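Q: Listed below, chain by chain, are the residues.
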Amino acid sequence: MEENNITVRVEGLTRRFGSFTAVDNINLKIKKGEIFGFLGPNGSGKSTTIKMLCGLLLPSNGKGFVGGYDIMKESEEIKKNIGYMSQKFSLYDDLTVEENIDFFSGIYSVLNNKKKERKEWVLEMAGLKDRRDAITKTLPGGFKQRLALGCAILHEPPIIFLDEPTSGVDPISRRNFWNLIYEMSKAGITIFVTTHYMDEADYCNRLSLIYRGKVIAEGTPREMKEKYMTKDILEIETERFVEAMESLNLKGIETAIFGGLLHSTVDNADRSIPEIKKILGELNIKVMRVEKIVPSLEDVFVKLIEVS
Amino acid sequence: MRVSRIKAITKKELIQIGRDPLSLAMAFIMPVMLLLIFGYAITLDVNNIRTVVYDSDNSSLSREFVNEFKRSGYFTIVNNITDNRDIDKYLDSGMAQVAIVIPEDFSRKLKGSKNGDAMIIVDGSDSNTATIALGYISAISEIYSQKTKGIKITPLIEPRIRVWYNSELKSRNFIIPGLIAVIMAVIAALLTSLTVAREWERGTMEQLISTPVKSPELITGKLIPYFMIGFIDVLMSVFMAVFLFEVPLKGNFFLLMGLSSIFLFGGLSLGILISIVAKSQLVASQISMVATFLPAFLLSGFMYAISNMPAALQTVTYIIPARYFVSILKGIFLKGSSLKLLTFETFLLMLFGVTVFAIANRKFKKRIA
Numbered sequence: 001m002e003e004n005n006i007t008v009r010v011e012g013l014t015r016r017f018g019s020f021t022a023v024d025n026i027n028l029k030i031k032k033g034e035i036f037g038f039l040g041p042n043g044s045g046k047s048t049t050i051k052m053l054c055g056l057l058l059p060s061n062g063k064g065f066v067g068g069y070d071i072m073k074e075s076e077e078i079k080k081n082i083g084y085m086s087q088k089f090s091l092y093d094d095l096t097v098e099e100n101i102d103f104f105s106g107i108y109s110v111l112n113n114k115k116k117e118r119k120e121w122v123l124e125m126a127g128l129k130d131r132r133d134a135i136t137k138t139l140p141g142g143f144k145q146r147l148a149l150g151c152a153i154l155h156e157p158p159i160i161f162l163d164e165p166t167s168g169v170d171p172i173s174r175r176n177f178w179n180l181i182y183e184m185s186k187a188g189i190t191i192f193v194t195t196h197y198m199d200e201a202d203y204c205n206r207l208s209l210i211y212r213g214k215v216i217a218e219g220t221p222r223e224m225k226e227k228y229m230t231k232d233i234l235e236i237e238t239e240r241f242v243e244a245m246e247s248l249n250l251k252g253i254e255t256a257i258f259g260g261l262l263h264s265t266v267d268n269a270d271r272s273i274p275e276i277k278k279i280l281g282e283l284n285i286k287v288m289r290v291e292k293i294v295p296s297l298e299d300v301f302v303k304l305i306e307v308s
Numbered sequence: 001m002r003v004s005r006i007k008a009i010t011k012k013e014l015i016q017i018g019r020d021p022l023s024l025a026m027a028f029i030m031p032v033m034l035l036l037i038f039g040y041a042i043t044l045d046v047n048n049i050r051t052v053v054y055d056s057d058n059s060s061l062s063r064e065f066v067n068e069f070k071r072s073g074y075f076t077i078v079n080n081i082t083d084n085r086d087i088d089k090y091l092d093s094g095m096a097q098v099a100i101v102i103p104e105d106f107s108r109k110l111k112g113s114k115n116g117d118a119m120i121i122v123d124g125s126d127s128n129t130a131t132i133a134l135g136y137i138s139a140i141s142e143i144y145s146q147k148t149k150g151i152k153i154t155p156l157i158e159p160r161i162r163v164w165y166n167s168e169l170k171s172r173n174f175i176i177p178g179l180i181a182v183i184m185a186v187i188a189a190l191l192t193s194l195t196v197a198r199e200w201e202r203g204t205m206e207q208l209i210s211t212p213v214k215s216p217e218l219i220t221g222k223l224i225p226y227f228m229i230g231f232i233d234v235l236m237s238v239f240m241a242v243f244l245f246e247v248p249l250k251g252n253f254f255l256l257m258g259l260s261s262i263f264l265f266g267g268l269s270l271g272i273l274i275s276i277v278a279k280s281q282l283v284a285s286q287i288s289m290v291a292t293f294l295p296a297f298l299l300s301g302f303m304y305a306i307s308n309m310p311a312a313l314q315t316v317t318y319i320i321p322a323r324y325f326v327s328i329l330k331g332i333f334l335k336g337s338s339l340k341l342l343t344f345e346t347f348l349l350m351l352f353g354v355t356v357f358a359i360a361n362r363k364f365k366k367r368i369a
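The listed protein sequences correspond, in order, to chains A and B. The first sequence begins at 1 in this note's numbering and counts up by one. The second sequence begins at 1 in this note's numbering and counts up by one.
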């Protein structure tokens with residue numbers, strides 16, 4: 001990574017609350033225009049980290065720079081260059097859509113000649129062109145989410161921090177939301193996004209996995225799968241899959257149900273495929289298909305978290 | 001300081017207040033209600049003193065004596081009793097505060113050259129009313145003596161008393177201006193005490209502190225709409241004082257509103273400061289009630305003269321802004337005081353406002369925890 005292309009750099013970042021260490025000595029480097037995913041289960045320190053990066057929370061130790069500004073001393077400079085969307089919906093729900101946009105437009109000092117254009121852009125992006133006079137409280141979750149994102153980036157900041165932007169949003173809205181994030185990334189905006197939805201991790205350019213305040217793995221989604229998943233995953237399509245799973249587990253082949261299918265974790269696919277067919281054949285269970293698949297990030301994370 | 005940010009905050013607050021019936025009620029109905037309730041309830045005038053009469057003489061002279069009390073307007077005869085043992089009953093139960101007891105030989109003595117005796121019993125448990133009643137009683141007796149016997153007592157010194165500023169000695173005239181000060185002290189702090197805490201509670205503050213808004217911008221933006229409300233409240237109160245309670249406004253109306261504005265700035269800033277420190281709407285509103293109402297009511301000189309307080313308490317009154325506002329309002333209403341006479345009060349109100357505003361700015365942190 002070229003050093004001059006780094007927009008967020010953090011070394012030894014630590015935050016303690018009393019005797020509890022919420023964030024423990026983490027290091028991060030994020031490139032300009034990158035979609036950086038910060039993953040971890042609830043309570044692992046994601047929000048604490050994002051708040052420190054946005055200048056909302058002072059770190060206990062460590063150093064960090066966001067957009068070239070020191071998170072210890074220049075938090076107000078940072079705030080001019082970022083957009084932050086908190087985990088909890090934090091627009092004014094007693095204001096209309098348009099009033100919220102106008103308010104943040106004023107707060108971010110959007111230039112007068114750009115105000116209208118930016119407002120229309122947000123309304124378009126959030127799909128709220130026809131509902132600009134609706135009281136925000138009355139909007140469905142997905143619309144609120146996009147409006148909140150729109151308000152946070154009215155001033156076109158080069159870096160955006162999104163804390164669990166898709167929690168509590170339906171799958172289609174989530175998909176739309178990620179499309180938006182891609183577009184912004186293409187425009188050169190750096191995006192730092194936290195999520196506990198493991199399936200969203202694949203959308204990111206690079207990831208860090210945080211668990212109990214510590215970064216336990218990092219890399220591109222592909223690197224993560226190759227580096228941390230040394231075993232093979234087999235997908236099995238079969239009749240009587242519950243019975244099949246039980247018998248495979250009895251024979252020492254680690255197997256779990258995935259929808260109507262089975263996933264087995266094995267050391268070597270080529271050796272295990274005939275073995276599985278044999279075991280199930282002896283029980284008169286018909287096997288339609290057994291094949292090696294690329295592990296999902298969820299497989300990787302479950303394994304990593306089990307290890308630590 | 002960017003005007004665009006202050007404007008955005010002010011506009012947002014105004015919209016929010018306008019959409020919240022509770023905020024509106026607190027802003028406009030509460031001060032009117034308080035002024036009505038306290039304005040009518042608090043009176044230091046002693047009228048309608050309940051009086052029972054035991055007249056065993058029952059002559060034209062004795063009846064004339066009792067009539068003199070009735071005519072004064074201060075005494076209301078609740079009953080004429082014929083058994084002197086009932087006097088105790090009337091006074092004990094509070095049915096009467098004063099008993100007039102006229103002996104059988106009242107008119108006989110008066111017609112002769114002797115002095116007539118009449119016993120007046122006063123319930124002294126309410127010492128304030130009793131003292132005032134005693135004054136009335138001796139005055140009435142003196143008038144009666146002059147009328148019936150033409151006796152004119154020539155005292156060695158005859159004071160010619162002239163009461164200035166509130167010549168009718170109506171207590172309402174000095175209570176109402178003071179009351180406006182007390183009510184505005186409470187309302188001002190209460191109005192703003194919710195505004196910052198509410199944003200922390202609703203989570204909107206987290207978004208706000210991630211933006212480049214500066215704390216003086218935020219505080220100023222939040223002060224302006226409540227200043228407008230407070231100004232309207234003072235206007236309403238002054239109109240009520242003049243047209244409803246008929247308190248004469250001797251001084252300059254514009255001076256009154258100008259100095260009220262300075263007071264409002266301090267009171268509203270205090271509310272913001274409380275809101276910033278408390279971070280919870282419930283705690284903030286309770287603190288502002290206690291921090292403003294009690295000192296304003298007891299230590300501002302509104303009810304109790306500061307000069308009668310122990311020295312230590314007198315010192316405390318200097319940090320209570322309502323003290324200066326009470327002086328200002330009483331001065332302008334009753335004496336028609338000019339700004340020159342109120343320089344000290346005005347200066348200290350400004351000092352209070354600027355200090356509290358500065359502390360509020362320092363205390364507001366654009367950080368969580």
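Please keep in mind that the hints were generated in silico from the structure rather than gathered at the bench. Just so it is clear, the structure is predicted and the values come from calculations on it, not from any experiment. Quick reminder that beta carbons are idealized off the backbone N, C-alpha and C, glycines included. Mixed in with the good hints there might be a few duds.
Claimed, not checked - Pairwise CB distance ranges, derived in the manner of DEER restraints: (1) A:Glu117 x B:Ile359: 38 to 46 Å; (2) B:Ile319 x A:Lys63: 41 to 49 Å; (3) B:Lys363 x A:Ser19: 41 to 49 Å; (4) A:Asn249 x B:Ser280: 38 to 46 Å; (5) A:Asn205 x B:Arg367: 24 to 32 Å; (6) B:Leu249 x A:Glu74: 54 to 62 Å.
Q: Each hint needs a verdict: does it hold in this structure or not?
A: Cross-check of the supplied hints:
1. A:Glu117 x B:Ile359: 38 to 46 Å: For B:Ile359 against A:Glu117, whose Cβ atoms are near 41 Å apart, the range 38 to 46 Å holds.
2. B:Ile319 x A:Lys63: 41 to 49 Å: holds (44 Å)
3. B:Lys363 x A:Ser19: 41 to 49 Å: violated (27 Å)
4. A:Asn249 x B:Ser280: 38 to 46 Å: violated (53 Å)
5. A:Asn205 x B:Arg367: 24 to 32 Å: holds (30 Å)
6. B:Leu249 x A:Glu74: 54 to 62 Å: At roughly 55 Å between Cβ atoms, A:Glu74 and B:Leu249 fall inside 54 to 62 Å, so the hint holds.
In this structure, the earlier hints numbered 3 and 4 are contradicted, and the remaining ones agree with it.
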